[in-house]
Every structure is written in structure tokens, then in C-alpha cells.
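Undergrad: These are the residues of each chain, in order.
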Amino acid sequence: MILIKLLACGMIIIPSTIMGIMMGKKYSNRVNNITSIINCLLVLETEIIHLSNPINVAFKNVDEKGNNKISCIFPNIVEILNSNREMSLFRAFKKELIVNRTKYNFTKEDEEIILSLAKVIGVTDKEEQKKHFNTVIQQLKIQRNQAIEESKKNEKLYKKLGVIFGLLLILILV
Amino acid sequence: MSIDIIFKIAGIGLLVSVTNQILTRAEREEMATMVTLVGIVMVLTIVIDLIIDLFNNVKSIFQLY
Chain P
1 MILIKLLACG MIIIPSTIMG IMMGKKYSNR VNNITSIINC LLVLETEIIH
51 LSNPINVAFK NVDEKGNNKI SCIFPNIVEI LNSNREMSLF RAFKKELIVN
101 RTKYNFTKED EEIILSLAKV IGVTDKEEQK KHFNTVIQQL KIQRNQAIEE
151 SKKNEKLYKK LGVIFGLLLI LILV
Chain Z
1 MSIDIIFKIA GIGLLVSVTN QILTRAEREE MATMVTLVGI VMVLTIVIDL
51 IIDLFNNVKS IFQLY
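Residue numbers (the working numbering), protein chains in the order written: chain P, 1 to 174; chain Z, 1 to 65.
In case anyone wonders, no lab produced these hints; they're calculated from the structure.
Heads up, the beta-carbon is just placed ideally off N, CA and C, and yes, glycines get one too.
Check the hints yourself; a few may be wrong.
Unchecked claim - Below, a list of computed lysine to aspartate or glutamate pairs in the DMTMM-like style, where the Cα atoms sit at most 20 Å apart:
#, chain 1, residue 1, chain 2, residue 2
1, P, 159, Z, 27
2, P, 156, Z, 29
3, P, 156, Z, 27
4, P, 103, P, 63
5, P, 153, Z, 30
Claimed, not checked - Here are the simulated distance ranges between beta carbons:
#, chain 1, residue 1, chain 2, residue 2, range
6, P, 108, Z, 10, 40 to 46 Å
7, Z, 50, P, 103, 49 to 55 Å
8, Z, 29, P, 82, 49 to 55 Å
The following block holds chain Z by itself, in its conformation from the complex:
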């Protein structure tokens, strides 16, 4: 696992939170919620492979077959 992915997620989190603030100040709460959701989905698509690897490792370590 490279460190880049952490920076990428941090960057997305930063931009999503800034967008959220801007949209909330412009009285567009629904859009702000949507942007937050999109951010979560984006981050999830990035980390999904890592989560799969983690579960596989847990299974192999504890011999849960």
C-alpha cells in the first residue's frame, strides 16, 4: 500500500468539506448533503480493494475457511 492513497483521501475530504460549507452558506443544504454522499462513495470506491484485502488477510490469519 502506498502512502499516496491516504493523501488522496485526505484531499477529497478537504475539498468535500469546503464544498459543503460553500453550499450550506448558499442555503442549498440538499446539494451539500448530496456532495457529501458523493464524496463518501468516491472514497469507498478507492478503498474497497484495500478492504477486500484486509478481510482476506483476516480470514487467512485466523483460518476461517
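For reference, chain P alone in the conformation it holds in the complex:
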């Protein structure tokens, strides 16, 4: 009987701890993803401003050079654009970010900043695009600093809360 009780306790506390860790991971994932997207945008800036590559080639190169979790946004957008020729780049970006929202862990503000860049890529001249790239990268750096602060505060909190919630559940049920 004690063995079954212990087993049941384990079955409660382990998932609740894992849930806490997963919820805490969201915050550190966001920091990593913002850092990755800044790197990708720097590569994209070089591709567009200095090498003057068209969007589809530039996006594929970003994926190859970036080689991280976030850089897969760019080939996905190329795929979306290829499958629907009438769709604008802005709408393709929006669709990709909304569909994979849980994967990227971006907040609404992060998405808005990225989308503000998507509005001007390929529409304005080089100088204008360069200015927009700089602004967006600066904004993303500010967002990253905020994300780091949030992750410091919340990551440990959610881990501890997961364990405590499991213990509380065991205490009530036993």
C-alpha cells in the first residue's frame, strides 16, 4: 500500500515539476530567440544592403548562415510566398509568426517590432532600409534586456512553484 502511495506521489510531483520547468523555460527561450533573430537580421542586412540579393536568395542565405532555431522562419516565409504568389511579405511574416507563436515564445511587442521591418523590406530604397534595420535591431536589443530581467525573475519562480504545487496536491489527496 505504501509503495502504491509513493508511486502515486511520484506521478503527481514529477509532472508538476516538469510543468514548472517548462513554464520557466519559456522566458529563457525568449531571450535566446531574440538574440538569434538579432543575429539573423544582421545577416539579412548584409545580404540586402551590401550584396543586393533578392528576398528569396537572401532569406535562404540567412537560414544557412544563421543555422539556429529561429533562422527557420526565413525559408518558411519563402515557402509561404512561393505557395501563394499574391501574398505580401508582411502578411507572410505575420502568418509565420502567428502559426508558430508557441514555438518562438515572442511577445506581442517583439512580433510588432519584427513586423514593422517586414513592412519596409523590398519596398523602399537601400538607405531607408538600412535605417529601418538599425532601428529594429536597437529595439530588439532593448526587448532582449527586458527579457533577460524577466527571465531572471520568473524562471526560478516557476520552477519552485511547480514543485510546491505538486507537494500541495499530494498533501490534499493523501
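Using the hints, position chain Z against chain P.
TA: Quick look at chain Z alone, frame taken from chain P:
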């Protein structure tokens, strides 16, 4: 009345106070207050039957009908 219920209440009190400390340190005072309230409600639901028994006993002992 078994002694288990006292340990249960003590355990809930312990966990609620630990949660309260963690949430206060994370600057989430509103959540900490909510957790304390939830703890009080949980303990009250556990002891409510005992309180009813107590009042019934008091009534029967002093013949307050």
C-alpha cells in the same frame, strides 16, 4: 477526530507560507495574497465539518434548543 487532519493543516500552512515568501521575493504581492486566501479557504473546507460538530455539541451540552 484523527491526528492526521492536524498534520494536513500544518502541511498546508507550511507550503502556503513558503509560496508566500517566494512570491513576495519575486515582487508579486497580489499573487501572494491570493495564495494565502486560497490556503485559508482550503483549511476552512477541511475543518468546517469539525466546527459544525463543535457547535452541535455546545448546543446539546448547554441545551440551547
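Undergrad: Each hint needs a verdict: does it hold in this structure or not?
TA: Against the structure, the hints:
1. P:159 / Z:27: holds (16 Å)
2. P:156 / Z:29: This hinted pair holds, its Cα atoms lying about 17 Å apart.
3. P:156 / Z:27: holds (13 Å)
4. P:103 / P:63: holds (17 Å)
5. P:153 / Z:30: holds (16 Å)
6. P:108 / Z:10: 40 to 46 Å: Given about 44 Å between the Cβ atoms, the range holds.
7. Z:50 / P:103: 49 to 55 Å: holds (51 Å)
8. Z:29 / P:82: 49 to 55 Å: With Cβ atoms ~52 Å apart, the hint holds.
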